[in-house]
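Model the full assembly from the supplied sequences, consistent with the hints where possible.
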Amino acid sequence: MATYIMDWPTRLVRARAFLGQNRLFVLGAAILLLVISGALLAPWIAHFEPAKIVMSERLSPPSAEHLMGTDRFGRDIFARLLYGARISLLVGLCVVLLSLVLGIPVGLLAGYLGGRTDLILMRLADIFLAFPPLLLPIAITAALGPGLWNAVIALGVTGFPGIARIMRGAVLRVREELYIGAARTMGLGQLHILVRHVLPNSLTPVIVAASSDFGYAILAGASLSFIGLGAQAPAIEWGLMAADSRVDFLDHWWTALIPGLAIFLTVLALNLVGDGLRDILDPKQGRPE
Amino acid sequence: MAMHLVQRLLMIVGVVLGVVTIMFVLSRVLAPSPAELMLGGRPPAEMIAKMNEELGLNKPLAVQYVSFIGNVLRGELGNSLLTKRPVAQEVIERFGATFELTTLAMALVLLIGIPIGIVSAVKHNSLIDNIVRTVSVAGVAIPSFILAMALQILFYGVLGWLPLQGRVDTSILLDHPIKPITGLFLVDSLLGGNWEGFLSALAHIALPLFALTILLLATVTRITRNMMIEVLKEEYIRTAFAYGLPRATIYYRYALKATLIPVLTVIGLTYGYLLGGAVVIETVFDWPGLGSFVVSSIAQNDYPASLGATLFLAVAYLMVNLIVDLLYAVVDPRLRTA
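Residue numbers (this note's numbering), protein chains in the order written: chain A, 1 to 289; chain B, 290 to 627.
Some hints could be false.
What the hints assert, rightly or not - Derived list of chain A stretches under chain B, where covered just means 3 residues or more per stretch with a C-beta under 8 Å from a C-beta of chain B: (1) 119-132; (2) 224-236; (3) 247-261; (4) 267-278.
If you're looking for bench data, these hints aren't it; they were derived computationally from the structure.
We treat Cβ as the ideally placed atom computed from N, Cα and C, and that holds for glycine.
Here it is in structure tokens:
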């Protein structure tokens, strides 16, 4: 990829112009930064132990002492929210990484080799994509047994065909580029061409897709925890917090809606950042405006 | 056209086979021993061996695989460990509730989402368009279970207008039972002239229906908007503008006709999201459909039941997409000659 030599003032002007035009990207990045620092600094921000049970203070509404109230065991919801951010972000990250690790090689081989390899790999992807969303991860988690890491595996495995397809599409385009032909004429090995030239030049659309998958992974991970297939009891996770509140949420709205709002804002922030990334990295492929 | 049909059918058969294979791998290779699950607790080794023999689980995997496919093709999904009844029967009984909910949601989503999407595309970059775009970005970030719970807090807890959960009041089951005809309570109660039953069913379906509709609305509006923008870029539309035809004529006579295909695509894509979303929504609203059945049978280790229900949902989704595919050819003359 070409690097342009640009002096710092020009860069700053460009960056400012970009940020000015992409207010939603800035908003998303700001929320995300807040969530990440909350997760990292949880022990210093929270005044209460997230798992400490205080039955005398159970189900207290938001107040100066308990900013977001307490749950039915008297545990501070604000503290649980901060610690819960760790798991949610980690789940999203691991799911996306797993889909990338599985999807990139499959898409690369299918697109570059073409022919029968392509046909077989893409029909395999079709089978995975034939399940209604969320149903395949549910079935996989059910088979592996409920648990956070099994849910991550299930979501990563379900997500990889989508990545593979996008990768394949990008490789098909790059394959025809002149510089690939040039590399072949120079007698470079297939593997060298594939890894050093095709791979880096095909990655952009995959990165864009991965960034929007991140938010979906957090949402799906929370849903799996909510229906009892993801994170299990002592773990602090947002979907699990909502599930725990099902006994008393009707009269104590904060027990359900606060973790829900946290999931909503985090996923929204990730989607805004993803949309912004697409505009920066992939202007050609941007949404129809 | 005939070629296209045959190709599609062959592909669907292949995909169904693939789906069945994945379910086989999940249930027989990855899952813990079904015999142990069925016997419960920690049974002695002889009992497990005996159970495995009865179930045919001691045979080589290849043999098991062939008999598994044979059973699925015959519609034999085994017996539920919990109720001891055939899973296929339970699945069919419960599918009515899911079908009623998802089909009504689909109708509502299309009725609301497509006009909004079209207006948003036509009034491109206007205030309406910007509102629609913002709302649809936010809409896809809402966790389904929180939306469902928020609706319960508002309409049951605070306002007291609608029931919390279930498909019909218990008193209706006792005093005005709905005679099953189609399995759809709204239809059956009307057919049987059961007005009380109809009202109760309507009140109960309102919240889950509302939740599913809101969840899907953002996606449908965005797809419709983007597709309509593409249609408006087509040369024949530009030509129509160049001829100076009235805007209304262009939008309603030419562009709208072309959106029929996007509408079909939306139905195909959305139905999957509806079935997936129904799993969580049905669980929160205690709706006795297939989605909540999958969740409860997993929770109770009833693996034949969860397997059968998942398989059924996947195949139902495939069938919807097959129908959509066939309708493409009806709507789009270009596909007929291809």
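How the hints compare with the structure:
1. Beta-carbon proximity to chain B at under 8 Å applies to 8 residues in the stretch 119-132 of chain A; the threshold of 3 is reached and the given coverage holds.
2. Figure legend: the stretch 224-236 of chain A, annotated as covered by chain B; annotation consistent (4 residues with Cβ-Cβ distances under 8 Å, at least 3 required).
3. Counting residues of the stretch 247-261 of chain A whose C-beta lies closer than 8 Å to any C-beta of chain B gives 9; at least three are required, and the coverage claim holds.
4. For the stretch 267-278 of chain A, the assignment as covered by chain B holds, since 5 residues bring a beta-carbon within under 8 Å of that chain's beta-carbons and 3 suffice.
Violation of the numbered hints given earlier is absent; every hint is satisfied by the structure.
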